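For the protein sequence lines, the chains are S and L, in the order given.
Mind the numbering: the first sequence is residues 1 to 198 in the UniProt record's numbering, read in order.
Mind the numbering: the second sequence is residues 1 to 649 in the UniProt record's numbering, read in order.
The set of hints was computed from the structure by calculation and includes no laboratory data.
Values in this document were obtained by computation on a predicted structure and should not be read as measured data.
Mixed in with the good hints, there may be bad ones.
Rough simulated footprint, nothing fancy, chain S against chain L, three-plus residues with beta-carbon under 8 Å [to be verified]:
#, stretch
1, 47-59
2, 208-214
3, 257-268
Where is the CB? At the ideal position from N, CA and C, for every residue including glycine.
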Amino acid sequence: MKLNNTQPLEYSTEQNKINIVGFWIFLGAEIMLFATLFTAYFVYENRTGTGPTGEEIFILGPILINTFLLLTSSFTIGLAIHAMRINRKKATLAFLGITLVLGAAFLGIEIYEFMTYYHEGATLQTSGFTSSLLLTLGTHGAHVTFGLFWGLAIIQQIIKRGITPQTANKTFIFSLYWHFLDVMWIFIYSFIYLKGMM
Amino acid sequence: MEFFERFAIPHPSPMIYASMVAIGLTVIAIIAGLTYFKKWGYLWREWLTTVDHKKIGIMYIISALLMLFRGGADAVMMRLQTSVPDNTFLDAQHYNEVFTTHGVVMIIFMAMAFIIGLMNFIVPLQIGARDVAFPRLNAISFWLYFAGAMLFNISFVIGGSPDAGWTNYYPLANNEFSPSVGVNYYNWALQISGIGTLITGINFIATILKMRAPGMKLMKMPMFTWTALITNLIIVFAFPVLTVAILMGTLDRQFATNFFTTTAGGSDMMWANLFWFWGHPEVYILILPAFGIYSEIIATFSQRNLYGYKSMVGSIVIISTLSFLVWVHHFFTMGQGALTNSIFSITTMAIAVPTGIKIFNWLLTMWKGKIRFTVPMLYSVGFIPLFTIGGVTGVMLAMASADYQYHNTMFLVAHFHNTIIPGVVFAMIAGLTYWWPKMFGFMLNEKIGKWGFWFMTIGFCFAFFPMYITGLDGQARRMYTYSEASGFGPLNMLSFFGAGLMAISFIIIVYNIYYSFRYSPRNVGDDPWNARSLEWATHNPVPEYNFAIAPQVKSSEAFWDYKKNGHQLFKGDIKDIHMPNNSGQPIIMAGLFFIFGFSFVFYIWAGVIISGIGILACLVYRSFEKDDGHHIHVQEIKETEEKFGGAKK
């Protein structure tokens, strides 16, 4: 295997570069996925039938906490990549761990939020609005859940194999995914919650 | 017993029971044959676990031909049913099922698979690569497609076929109006094969962007590779929309949500919009690679370089952009209002401009060329006038006000078959014939191939031109019968006759494969057509590693330069070649997806959970797997090159 030492480790082999390009293209597809969900949501936003409206069910508190949690996790995974590039295995693992803990906390609060909606009579079945809202949030939440397991697998691999071109590549790609979820959350926060509460 | 009742067919008929027996016997025959000839190991090692783009391409094409048979049988049944007024060969329910499965099978499981199969085989060769960017993912793509196709195809013997049209409009497709599990099959089969297609899209964009031979700039890529790149971009941007739409449909049908309902704030038009936002780009996903195939073939057999290369590239880029801006023209009559309709009318007509540019470029490529009328060239020459008729009727349909007359009539059916058959189907057969020696090392018989072409073309004209007339006279599509007083009888009989000719042409084409396999000479050389692009610079059939030395490229017709202008393609010495390892994981994972989809269709939650965990386990296994591939050593490469007739210089 040819190693190119002028590049960061995650870009150091030909296959690594191709993997990263491939993942960017995948993120392009993910953007379309969320764009479709958002577009549908904007159509359904006021189609509440006999169910509650966004204004009635959205509560700022947990949503704000969630925003802070996810934004911070984006920062910590950035630190993890930085630590990885200067070859600090323990720091990389620590920051990855913090990222996943923040992600898990986010998920916990989101589940609590869904339960609140359920008790207020805003279920997946209530109206076009709630179906679309919960599908959009649920898709994001499912991505975060998947990310937690993915991140655990990567931590395990760094512990076992150290920071190699392969594990560095995986960690970097995982960080792209995590940042992407954060960006999507900013859209959700602005265009679903804030817009709905205005 | 109650558990098994759900698998019963809601509308049984002797034909379906006969099909069950036929399927059962075929499966037994295949298993017995493989066991008797001891071919299980060979099949598993060489094909089922392969990650070689060439073998995956061939498997795609074989599956597509099987699906062509299935979809073709549906087509002949429809034409037979409507050949005379008040026919009772099929009842309304069966007719609904037949036109639905015909549409889905032909678009998703036949045309898509055929196009992706050809891309798989040709694109890495045309850009001088060893394989695609992600060989393992490529195998997963194929097996997910195959799982989806099989799931869809068992629907008519287990539980009932989908019957809401390939467009699957709501509220028709909801539980109230489509109570059988058919539409669940539609949802899960398309979802699973759709994931496979999306992965293909990502894979080929990465391949074409990152793995081209040294010197091959983007504007020096062969035209088929260009169209493959653009098609895969469309795939990546269109398929996620389908994913969401189908997910919403699934939730509506299986979890009582309110996306496409007509109460509680649901919107049935949302489906139509999302479906066609994917569906219109989808037809360009099919036709652009077809354009690429014609470009290769017309240049080769006119023995001239492709006229207007840059304008060809520009045209496909413009077409791909416009393809996302026209979806509303599929439902001009569904109440958007004049302004919206006008906008989409104009964008639709605008597509005719870049398409026209391409047509003229092909004509000018042939102009003063030394044309050889081989089978691939015949299909290409037949394509130009027939496709132009399809395009012109498309512009007629694009006029929103006039569309109120054509909408949902046989005129529309005639139009889109007029673009898809001469456009895509001709291209597939032409491409298959053209690249056949590349795949298998011998040529298809020209004489039999020409018979196939004439039956196909004449059959096509008889089958679809009468529909323009009956459509303008008001014959609605998707109606299982009509009265004698309507006067549609004779023209529909003519259509049936045409469909029969096309069925014969399919038999001729398959017979040609058998005949050529038996009798064609095997010493055709590496360049039997006197072709121009890089895929012909290696041996026929292609060795596992494609090129012993990566080729150097200076123009879009590197191989022609090599033959005529003394360009040196292969510089340097043979080195060890790194290749990916085979893996059984893709087929296992796709099998789990099949079980997942099947269980979901019938609400068998235990099956859903177990197979779901299995899929996740596959992902975890893959994440922890250490697979660095293997090397083919210089000695072995040299021996292989000798065996194939000497190293290339």
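Against the structure, the hints come out as follows:
| no. | hint | result |
| --- | --- | --- |
| 1 | 47-59 | violated (count 0) |
| 2 | 208-214 | holds (count 3) |
| 3 | 257-268 | holds (count 9) |
When held up to the earlier numbered hints, the structure conflicts with hint 1 and nothing else.
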